[in-house]
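Read off the chains here:
Number of protein chains: 2
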Amino acid sequence: MKKAAVILSGSGVYDGAEIQESVITLLALDRAGVNVEIFAPNIDQYHVINHINGKEMNEKRNVLVEAARIARGEIKDIKDVDVKNFDMIVFPGGFGVAKNFCDLALKGKDCVVEPVIEEFVIQALSEKIPLGFICIAPALLAKIASKIGLKLEVTIGSDVETAQIIESFGSTHIQCPVNDIAIDKKNKIITVPAYMEGEGIAEVAEGIEKLIFKLMDF
Amino acid sequence: MKKAAVILSGSGVYDGAEIQESVITLLALDRAGVNVEIFAPNIDQYHVINHINGKEMNEKRNVLVEAARIARGEIKDIKDVDVKNFDMIVFPGGFGVAKNFCDLALKGKDCVVEPVIEEFVIQALSEKIPLGFICIAPALLAKIASKIGLKLEVTIGSDVETAQIIESFGSTHIQCPVNDIAIDKKNKIITVPAYMEGEGIAEVAEGIEKLIFKLMDF
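Protein chains in written order, with the numbering used here: chain A, 62 to 279; chain B, 62 to 279.
One chain only, chain A, in its complex shape (with noise of 0.2 Å):
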């Protein structure tokens, strides 16, 4: 039986991780037959959003504690984690990848990535452990793989801003509509827009089914 980390930033997708895109890579993971592990870093997260008006609330919340929302409470923090446990590691997306995991969202190419998710992130690469990031998450891998001077070919869809700074990190932006992804053989890697491209949430899915089904080939 393989197994699979799924990297959770929050629980909401203008502040923490899509619900949607995680809750469907679990389902697509648990459908595939795949052991499934979950974790998040245990730290505040930059800040709540209301996801009605779009407004900063006045609260702190906690990552890892959000994040045990999506995950039904079986979760871990992710500094324990040896990523050679597992066959596969899956970032799906949302602000808390550019707001939690990093700064991207703020500081754009000049972010800076949280210590624990750069040191996780590079352990996979260096293992090359199969990878699949789901919606902005590329751009956090892109910038992670610049530190260990690794040029990766990904996809957060279309959006020409964001692709600039993919590039800027070194890598190669590839366009990609909702319902595909985009593959890098050579560094075991698989892309897909979801969200950063999609509308409703069967196009998502399609997509992330399609990143799932590919992880499992690597």
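Where hints are given, some of them may not hold.
A pair holds if it fits inside one copy or across any two, identical chains being indistinguishable in the list.
[Stated by the list, open to error] Distance condition first, Cα-Cα at most 25 Å in a straight line; then the derived DSS-like pairs of lysine-lysine:
#1 Lys271 with Lys145
#2 Lys116 with Lys249
#3 Lys212 with Lys247
#4 Lys116 with Lys137
#5 Lys170 with Lys249
#6 Lys208 with Lys145
#7 Lys140 with Lys116
Quick caveat, the hints were computed from the structure, so don't treat them as lab data.
Owing to the predicted nature of the structure, the values given are computational and were not obtained by experimental measurement.
Given the coordinates of chain A, work out where chain B should sit on it, guided by the hints.
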């Protein structure tokens, strides 16, 4: 194009809507070509639970604001809904149904239902709108039905205590495995045990997909 209303009780199994059941519902509806609108009541949650350790947190959260996380902001207050606009209505489960929509989790058969939810469901029952109730939500439905002398046939799986509560409301409980549904043809009601019975997301999805598929038939 058929239209569905999905009613959420927050965001997180222990104090709100069960996230995985909610997303699976939205995905199955979109795949079936159904136009979906999402609603929640604008009320405070009964409490906030840390989903890692199960303990109550010293916080206040609003059901509508938290449910908006699952809905990516596309959600409206249930108080303004006309049930006649919809071909079907679906209630995912989670403790939010038994803590925010009523106090079943605390008071059992002596529970009281939140007025805005009671009024909405009584209208739906009176208009004979096809209804899908998931997980613990069928117990809420049986309670509300008892107010208008309606006896239903529903399932929450095989939990004896909850089944007895449902029978105390005058409805009949039908034993049902996680991957199947109970059909009350006369009242156009489909119920499914989901995480009341399920261990994994794939088997939970199998049942919910059957529920949506069957709702399309009415």
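Quiz item: Against the structure shown, which of the earlier numbered hints fail to hold, in ascending order?
Solution: 2
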